[in-house]
Structures are given as C-alpha cells and as structure tokens.
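Chemist: Given next are the chains, with one letter for each unit.
Protein chains: 2
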Amino acid sequence: MEKREQWLQPGERLDDLQINDLYLIQDPESFCFGVDAVLLSHFARVKPKSRVIDLGTGSGVIPILLAGRHSHCRVTGLELQADMAERARRSVAMNGLTEQITILHQDIRTLQEVLPAASFDVVTSNPPYLPVGSLVNPSETKALARHEIALTLQDLVQQTAYLLKPGGHFFLIHRPQRLTDIMVLGRQYGLEPKWMQMVHPYIHKAPTMVMLQLTKNGRPELKSHPPLIIYNQDGTYTPQLLTCYGPQKRR
Amino acid sequence: MEKREQWLQPGERLDDLQINDLYLIQDPESFCFGVDAVLLSHFARVKPKSRVIDLGTGSGVIPILLAGRHSHCRVTGLELQADMAERARRSVAMNGLTEQITILHQDIRTLQEVLPAASFDVVTSNPPYLPVGSLVNPSETKALARHEIALTLQDLVQQTAYLLKPGGHFFLIHRPQRLTDIMVLGRQYGLEPKWMQMVHPYIHKAPTMVMLQLTKNGRPELKSHPPLIIYNQDGTYTPQLLTCYGPQKRR
Numbered sequence: 001m002e003k004r005e006q007w008l009q010p011g012e013r014l015d016d017l018q019i020n021d022l023y024l025i026q027d028p029e030s031f032c033f034g035v036d037a038v039l040l041s042h043f044a045r046v047k048p049k050s051r052v053i054d055l056g057t058g059s060g061v062i063p064i065l066l067a068g069r070h071s072h073c074r075v076t077g078l079e080l081q082a083d084m085a086e087r088a089r090r091s092v093a094m095n096g097l098t099e100q101i102t103i104l105h106q107d108i109r110t111l112q113e114v115l116p117a118a119s120f121d122v123v124t125s126n127p128p129y130l131p132v133g134s135l136v137n138p139s140e141t142k143a144l145a146r147h148e149i150a151l152t153l154q155d156l157v158q159q160t161a162y163l164l165k166p167g168g169h170f171f172l173i174h175r176p177q178r179l180t181d182i183m184v185l186g187r188q189y190g191l192e193p194k195w196m197q198m199v200h201p202y203i204h205k206a207p208t209m210v211m212l213q214l215t216k217n218g219r220p221e222l223k224s225h226p227p228l229i230i231y232n233q234d235g236t237y238t239p240q241l242l243t244c245y246g247p248q249k250r251r
Numbered sequence: 001m002e003k004r005e006q007w008l009q010p011g012e013r014l015d016d017l018q019i020n021d022l023y024l025i026q027d028p029e030s031f032c033f034g035v036d037a038v039l040l041s042h043f044a045r046v047k048p049k050s051r052v053i054d055l056g057t058g059s060g061v062i063p064i065l066l067a068g069r070h071s072h073c074r075v076t077g078l079e080l081q082a083d084m085a086e087r088a089r090r091s092v093a094m095n096g097l098t099e100q101i102t103i104l105h106q107d108i109r110t111l112q113e114v115l116p117a118a119s120f121d122v123v124t125s126n127p128p129y130l131p132v133g134s135l136v137n138p139s140e141t142k143a144l145a146r147h148e149i150a151l152t153l154q155d156l157v158q159q160t161a162y163l164l165k166p167g168g169h170f171f172l173i174h175r176p177q178r179l180t181d182i183m184v185l186g187r188q189y190g191l192e193p194k195w196m197q198m199v200h201p202y203i204h205k206a207p208t209m210v211m212l213q214l215t216k217n218g219r220p221e222l223k224s225h226p227p228l229i230i231y232n233q234d235g236t237y238t239p240q241l242l243t244c245y246g247p248q249k250r251r
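As given, the protein sequences belong to chains Z and S, one line each in that order.
Sequential numbering of the first sequence, starting at 1, is according to this note's numbering.
Sequential numbering of the second sequence, starting at 1, is according to this note's numbering.
No lab work stands behind these hints: they were computed from the structure.
Warning: the hint list may mix true and false statements.
The list treats identical chains as interchangeable, and a pair is accepted whether it falls inside one copy or across any two copies.
Claimed, not checked - Below are the DSBU-like pairs computed for lysine-lysine, each with C-alpha atoms no more than 35 Å apart in a straight line:
(1) Lys194 x Lys3
(2) Lys165 x Lys3
(3) Lys194 x Lys49
(4) Lys3 x Lys223
(5) Lys3 x Lys47
(6) Lys165 x Lys205
(7) Lys3 x Lys205
(8) Lys165 x Lys223
(9) Lys205 x Lys49
(10) Lys165 x Lys47
(11) Lys205 x Lys194
(12) Lys3 x Lys49
(13) Lys223 x Lys49
(14) Lys205 x Lys47
(15) Lys49 x Lys165
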C-alpha cells in the first residue's frame with residue numbers, strides 16, 4: 001500500500017477493486033464507481049486481441065477491470081472531464097497497465113476528430129442515467145457523470161455505431177426505464193439488441209439495472225440471460241454477484 | 001358437469017379454468033389455451049366499465065377469464081377461424097356470459113370494416129409467437145394460432161393503435177426474443193411501453209415470456225414489475241403463480 005499511496009493527490013483515496021489486486025484512485029468529491037461498473041466489465045465479452053473503447057470512462061474503472069482480466073486486449077478510455085481523465089491515467093500507471101490502456105481527454109460528441117470509423121471490436125459504456133430534466137446534483141463533476149448534460153443516449157448510440165466494426169459489440173448498462181429508448185435508437189443506428197440481463201437488488205424485486213449487448217448489423221432476435229440478483233434475503237451478496245468480484249484468471 | 005357436457009360436440013373436451021367456476025370448450029386437435037392466457041388475463045388492468053377487445057381470441061379463454069373476473073366490463077373477442085369462433089361462442093353461452101362477451105368471426109387485418117376507430121379502452125392479445133420462417137405445425141388450425149401467417153406483429157400493433165382510445169392500454173404477452181420488435185413497432189404506432197413483467201420458468205432461468213402494457217400516447221418511461229416465477233425448485237407452482245389461478249372476487 002505504501003508504494004501505491006505515492007500516486008495519490010490531496011483529498012484522493014485508494015479503492016481496492018477486489019479483482020486481481022487492482023486498485024483505483026478516486027476523489028470522494030467526484031462521481032465514484034459502483035457495482036454497475038463491475039457488473040458491466042464482467043458482462044462484456046472481450047476476446048484476447050479485441051480493441052476496446054469505454055465511452056465516458058470516468059475514473060477508468062472499466063478499462064482497468066477489462067485489462068486486468070484480459071491480458072492481451074487493448075483498451076481506450078474516453079473522458080470529457082480533464083481532472084477525471086488525469087486521475088484515470090494515474091490509476092492506469094499505478095496498476096502497471098500503461099501498455100494496454102490509453103486514456104483520452106475528449107468529448108464523445110467530437111470523437112471523429114481523433115478516432116477513425118469502424119476501428120473498434122467492442123464498445124462499453126456505463127453512461128449518465130438521468131435525463132436532464134431531473135434534479136441536477138450540486139457538484140458539477142457529479143452532475144456531468146450522472147445526467148445526460150454533455151451526453152444524450154442518442155449521441156452515445158450514434159457514436160458507438162460510428163466506432164464499431166461490422167459485427168462488433170456494444171455492452172451497455174442502464175436503467176430499465178430507458179429500455180425502449182435504447183432499443184429504438186439501437187435499431188435506428190444499426191445496433192441490434194442481441195443479449196439482455198436484468199439486475200435485481202433482491203429476487204422478488206423489480207430490476208434496477210439492465211445490461212445489454214447490441215451488435216452492429218446483427219440479426220434481430222433478443223436472447224436473455226437468467227436474472228442477476230445482487231443480495232440474498234439476509235442482505236449478504238449472492239454467490240452470483242460474488243463471481244463478478246474476486247480473483248479471476250487473466251485470459 | 002352433466003349440464004355442461006350438453007354443450008360439447010364430438011371430439012371436444014371441457015377444461016376447468018380453475019377460476020370462478022369457469023369452463024372452456026376445447027378441441028384437442030386445435031390449439032389449446034396455456035398458462036400464458038391465464039397470466040395475461042391476470043396482468044391486464046381492466047376497470048369496471050372498460051370496453052375490452054381480445055385480438056386472436058381462439059377458444060375465447062381471455063374474454064371468459066376477464067368477464068368472469070370483472071363483472072361489469074364488456075369484452076369482444078375477435079377470431080379469424082370460423083370453427084374456433086363458433087366454439088368460443090358456445091363456451092361463452094355455457095358460462096352464462098353472453099351479455100358481457102361478443103365473439104366476432106373476423107380477420108384482424110380488416111377489422112376496420114366492422115369496428116370504429118378509438119372505440120376500446122383495453123386491447124389484449126396472446127398472438128402467434130413464431131415467425132413464418134420457422135417450422136409450421138402440420139395441423140393448419142394450430143399453425144394459424146402459433147405462427148405469424150395470418151397476423152404479423154406489425155398488423156397487430158397497427159390495428160391495436162386504431163382500436164384504442166387515447167390513454168387506452170394494450171396488454172400483450174409474447175416471447176422476450178421479440179421485445180425489440182414490440183418496442184420499436186409500439187413507438188412507431190404511438191403505443192408507448194409503460195410496464196413490463198418477465199416470466200421465468202424457474203428463478204435462476206432466463207425468461208421465456210414477457211408481458212407488456214403499452215399505452216396509447218403514453219409518456220416514455222418503462223416501469224418494471226418483479227419477475228413472475230412459475231415453478232418452485234421442486235417443480236410445484238409458486239404462490240405467485242397460484243394467485244393468478246384460484247377463486248377470485250368478481251370486481
């Protein structure tokens with residue numbers, strides 16, 4: 001821990017990702033990663049040589065988890081906010097993953113300026129969940145990460161369609177409330193929903209998150225995974241959730 | 001039972017719907033109702049004075065269950081196949097529901113000839129599940145009930161949009177594989193998905209059916225119910241499934 005703490009700036013903290021000895025630098029005043037990032041990085045199917053990009057990467061948690069799990073994939077993380085991007089770069093360096101991960105400080109809406117079309121096999125995103133109309137968090141950094149201020153769902157889907165190779169996959173975690181929007185936009189931009197998994201806090205509760213795989217130029221037919229349940233009735237984590245954490249073999 | 005059996009024709013059988021002493025005449029050579037019809041009639045929210053229409057009513061099971069549960073609603077059942085429509089009429093008469101239920105022998109694609117626009121509060125449908133491309137059942141009656149031969153999902157959504165009053169609801173049960181198609185067509189024809197419930201055979205299995213409420217001119221936001229689980233691990237019905245059966249108070 002001593003060696004890792006040299007990477008911290010005042011006010012920051014180190015979070016143990018509990019996967020393959022990976023750690024993340026976080027600023028408690030900014031938006032911090034949650035279980036959704038861990039679930040998405042487990043849901044995403046990444047092949048050994050895949051070129052992956054994470055849109056709206058924030059602290060870089062998804063690239064770090066993906067590179068930590070798949071030792072041969074190369075991951076780009078795109079982040080709009082300069083301080084978040086800088087922190088993500090330090091987390092990448094601290095974990096010794098600079099050869100696998102590149103963090104770009106770039107607005108998703110103008111990524112054409114720096115990234116060519118059809119250049120990625122996989123796109124991941126854990127985007128802002130809340131429409132602009134809802135209450136905006138007083139901290140601007142958190143607001144940008146939580147609300148569709150700088151990034152609408154339409155921008156995200158359109159830019160993903162631009163970045164993916166034909167047959168490439170988009171792995172997305174979002175709220176079930178937006179499922180219709182995701183499916184309608186996906187089909188509009190040639191990203192066909194192929195796999196879906198609902199995430200339920202408890203087994204007899206409504207889902208609070210949904211994970212989707214959309215495939216560029218995919219054939220229409222949506223397959224479903226069994227539901228992912230987070231908590232047992234006694235409030236402990238389910239074995240199913242725990243398999244998303246814990247030591248994993250690097251593939 | 002003696003009195004009910006006088007309604008049967010050769011080769012037909014009587015099925016106890018296990019709800020409010022309702023029975024259904026079925027021909028085992030034709031498509032017979034399943035748990036999906038019972039689930040849908042329980043999922044559908046029907047107000048006392050609602051005008052309801054069931055599209056592709058088959059044996060009339062959904063109108064009979066709805067009228068048996070909601071004593072003041074009036075239900076129309078539309079059926080393309082003459083023998084099915086005739087059998088449905090006998091089941092309605094046998095259950096003493098002729099004042100509440102009308103069975104129309106009519107093609108859904110030409111229902112404009114007999115039904116005015118915006119004339120119903122509720123539309124229900126348990127439509128053919130299988131695309132035409134898949135293997136067709138050798139019995140023609142079963143094939144029409146199971147495959148999208150005489151009725152595509154697009155026809156169904158378009159005709160439902162024609163029949164519903166603004167703010168009216170469409171309750172549909174279908175396969176999760178078609179969820180994208182349902183959502184895209186719904187939005188195209190002004191029927192917004194508002195509520196969704198996944199139906200799982202077992203708790204840790206993928207859903208095999210999905211129930212949806214789409215509302216004419218509804219505001220975009222999909223809400224989800226907790227999952228509906230059919231079987232306990234030991235193969236018995238769950239209490240949740242049993243509440244869809246059993247004696248129910250007529251409302």
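Chemist: For each hint, tell me whether it holds in the structure or not.
Modeler: Comparing the hints with the structure gives:
1. Taking the shortest alpha-carbon separations for Lys194 and Lys3, neither the intra-copy value of 44 Å nor the inter-copy value of 52 Å comes in at or below 35 Å.
2. Taking the shortest Cα distances, Lys165 and Lys3 never come within 35 Å of each other, neither inside one copy (40 Å) nor across copies (68 Å).
3. For the homomeric pair Lys194 and Lys49, the shortest alpha-carbon distance inside one copy (22 Å) is at most 35 Å, but the shortest distance between copies (41 Å) is not.
4. Proximity of Lys3 and Lys223 under a CA criterion of 35 Å is satisfied in neither setting, with 46 Å inside one chain copy and 47 Å between copies.
5. In this homomeric assembly, Lys3 and Lys47 come within 35 Å of each other (Cα to Cα) only inside a single copy, at 32 Å, whereas the closest approach across copies is 67 Å.
6. Proximity of Lys165 to Lys205 under the C-alpha cut-off of 35 Å is restricted to the inter-copy arrangement: shortest distance 32 Å between copies versus 37 Å within a copy.
7. Within a single copy, Lys3 and Lys205 get their C-alpha atoms no closer than 43 Å, and across copies no closer than 45 Å, so neither meets the 35 Å cut-off.
8. Within a single copy, Lys165 and Lys223 get their C-alpha atoms as close as 22 Å, and across copies as close as 33 Å, so both meet the 35 Å cut-off.
9. In this homomeric assembly, Lys205 and Lys49 come within 35 Å of each other (Cα to Cα) only across copies, at 32 Å, whereas the closest approach inside a single copy is 38 Å.
10. Taking CA atoms no more than 35 Å apart as the test, Lys165 paired with Lys47 passes inside one copy only; the shortest distance there is 14 Å, against 50 Å between copies.
11. Taking CA atoms no more than 35 Å apart as the test, Lys205 paired with Lys194 passes in both settings, with 24 Å inside one copy and 17 Å between copies.
12. When the C-alpha separation of Lys3 and Lys49 is checked against a cutoff of 35 Å, the pair qualifies only within one copy, where the shortest distance is 31 Å, while the shortest distance between copies is 72 Å.
13. For a Cα distance limit of 35 Å, the shortest separation of Lys223 from Lys49 inside one copy, 25 Å, qualifies, whereas the shortest one across copies, 39 Å, does not.
14. With identical chains, the CA atoms of Lys205 and Lys47 are at most 35 Å apart both within one copy (34 Å) and between copies (26 Å).
15. When the C-alpha separation of Lys49 and Lys165 is checked against a cutoff of 35 Å, the pair qualifies only within one copy, where the shortest distance is 14 Å, while the shortest distance between copies is 54 Å.
The earlier numbered hints that this structure contradicts are 1, 2, 4, 7.
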